[in-house]
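Peer 1: Here are the chains, one letter per residue:
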Amino acid sequence: MSSTTLGMILFLTFVAATLAITFWASRQTKTAADYYAGGRSFSGVQNGLAIGGDYMSAASFLGIAGIIALSGYDGFLYSIGFLVAWLVALLLVAELMRNSGKFTMADVLAFRMSPRPVRTAAGVSTIVVSIFYLLAQMVGAGALVGLLLGITSEAGKVWTIVGVGALMIVYVVFGGMKGTTWVQIVKAVLLMSGAALVTLLVLGKFGFNLSALLGQAAATSGPKANPESFLSPGLKYGTEAQGLAGKIDLISLGLALVLGTAGLPHILIRFYTVPTAKDARKSVLWGIGIIGVFYLLTLVLGFGAAALVGKTAITEGDAAGNTAAPLLAQKIGEEIFGSVGGTILLALIGAVAFATILAVVAGLTLASSSSFAHDLYAHVFKRGQASERQEVGVARVSALVIGAVAIGLGILAQKQNVAFLVALAFAVAASGNLPAILYSLFWRRFNTAGAVAAIYGGLVSALLLVIFSPVVSGAATSLFKTVDFHWFPLSNPGIVSIPIGFLCGWLGTILSKEHNEAKYAEIEVRSLTGVGAEKADQH
Amino acid sequence: MTTQEHDASVYETVQESSEFQELKRRFRAWTFPMTVAFLVWYLLYVVMSGWARGFMATKVLGDINVGLIFGLLQFVSTFLIAWAYARHAEKKLDPIADKLRHEVEEKTK
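Protein chains in written order, with my numbering: chain A, 30 to 568; chain B, 2 to 110.
Hint data in this document are derived by calculation from the structure and do not stem from the laboratory. All clues stand as given, with none of them false.
Calculated lysine to aspartate or glutamate pairs in the EDC-like style (CA-CA distance at most 16 Å, straight line):
| id | chain 1 | residue 1 | chain 2 | residue 2 |
| --- | --- | --- | --- | --- |
| 1 | A | Lys-307 | B | Asp-95 |
| 2 | A | Lys-234 | A | Glu-363 |
| 3 | B | Lys-108 | B | Glu-13 |
| 4 | B | Lys-60 | A | Glu-257 |
| 5 | A | Lys-311 | B | Glu-91 |
| 6 | B | Lys-93 | B | Glu-20 |
| 7 | A | Lys-311 | B | Asp-95 |
| 8 | A | Lys-234 | A | Glu-364 |
| 9 | B | Lys-92 | B | Glu-23 |
| 10 | B | Lys-93 | B | Glu-23 |
| 11 | B | Lys-25 | B | Glu-13 |
| 12 | A | Lys-307 | B | Asp-99 |
| 13 | A | Lys-59 | A | Glu-417 |
| 14 | B | Lys-25 | B | Asp-99 |
| 15 | A | Lys-131 | A | Glu-417 |
| 16 | B | Lys-25 | B | Asp-95 |
| 17 | B | Lys-100 | B | Glu-23 |
| 18 | A | Lys-564 | B | Glu-106 |
| 19 | B | Lys-25 | B | Glu-91 |
| 20 | A | Lys-548 | B | Glu-13 |
| 21 | B | Lys-100 | B | Glu-20 |
| 22 | A | Lys-548 | B | Glu-17 |
| 23 | A | Lys-307 | B | Glu-91 |
Simulated DEER-style distance windows between Cβ atoms:
| id | chain 1 | residue 1 | chain 2 | residue 2 | range |
| --- | --- | --- | --- | --- | --- |
| 24 | B | Met-49 | A | Leu-229 | 27 to 33 Å |
| 25 | A | Gly-422 | B | Met-49 | 51 to 57 Å |
| 26 | A | Ile-496 | B | Glu-107 | 51 to 57 Å |
Think of the CB as a built atom: it goes at the ideal place given N, C-alpha and C, for glycine as much as any other residue.
All chains should be modelled from the sequences, with the hints used to inform the complete structure.
Peer 2: Below, the structure written as structure tokens:
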């Protein structure tokens, strides 16, 4: 049996199991709290695993392992930003949001301000961030499956994207938050086990000597002139050739990574799935543990692929290095257990990678459809007059529509470089969402004008700066190679757009006469003590 | 699902109480400086990855260099800060928060 057949069988097993979970969850999903927040009945550990599941996207697993395999140390830098970011979520956001919100990020803002404008702004930015992130995953799925399952024809890739999209629509529409969370948990366990297994085999091969692994990685995949530069910063981000702009770009990327996580809508809604703020804290602690260990595993996987598979073979599979981890699994399996072992391990890691994409895509679709139904439909269009039943109905329909849009865009964007979409999603989340969230939790004077200015200011400046950056035009790696309308030198807008978000929020606030101290007293007391926090469903 | 009556005066009274002010002080006095500290520590790492490459490439143990150790220390500090926050919250924040919550929920019933 070939690895593609075996991979297909393993993957279909995952699909069958998760569909069974979804079916079960759909029968338990009755109220809006069930659909949006899984009845708030998940334990801290379960939600911690689901946080890991939502966060360890294909971009982190395949992407970071791939960057390390091709550019060495610089890939590691990426994963550190992704991890440290969780401290912002733990210390400043998770518990306070759990205490003061209900279903979406906008709940916290709408609580003390004029609800319609801030819900509109927060809904728009939620959907924009999620769609960028979603698109990256969909395109990734198309490219990856081609390699893992041996589907290389154009039609095959299109059908793969359609298939992934259709499955995720089923998860979200029928399973709601309960089904999606269980899919994340299953995926997190599979991904951690698969990555740990390959890591152990790789380390075992080098006698658990990290230095020996690094040495061989540099010798095999480092630049010929200076192999050792593979082990230190500067091969990919802010290379000496790019000069000062490149190095400032590195800082900009670092800022977007570390400040973006606590503004990602699909991560924020995770805090609502547990009964209390203490469980939210516990789930982030578990999340940090799982994600941290996972990034340590990808470090070994990346350098392992560099050492054992080698740069040439990796770039033959995929120029961006996305198949480094699966190729490593195949190689190490062959070396230790013979060709059958290689086949089995490749199939295993391939199926895990596919499950990863599917689960993350489902989480994103849920976040954006929830925000559409809860913020825009129920509170803006219907002015809070929609029944719970209508609202959940709209959430399901919008999950279907957003899923369909993601499929369409995924097919159109197939040939594009998508790495920037993830970095852009982080930059937009850090510039548009984080300032508004922090101000509304901690600043007494903050008001409607400030919130609206912070969100649109951060969102629009991040988007505009990207449009006029070398990512979109004027460079060999641009989206449009033949035209050049770029004037902004950095590929990540964070270092400029994040301060703009904070500045707009401050300016908007002080220029407006609105005061809401009484409401702030309520949100401050509620967020710190948990008074009146939404309870878990009793069924 | 319980919908709380908006009784602003109750919240303003709680907000002004010395117990709540103490809770707020304990929360902010720990999390704000710590946030600044880990962000500075992280940015130091990023800046050194850009401008102190020679130092980052210094070998310490075989092929393990300063940059790798610095990166691994970011993992260690993240785990430690998360653990320390959990301890701080359990010991210093939760008792006051729980007490205030019970009091307010009695009053607003």
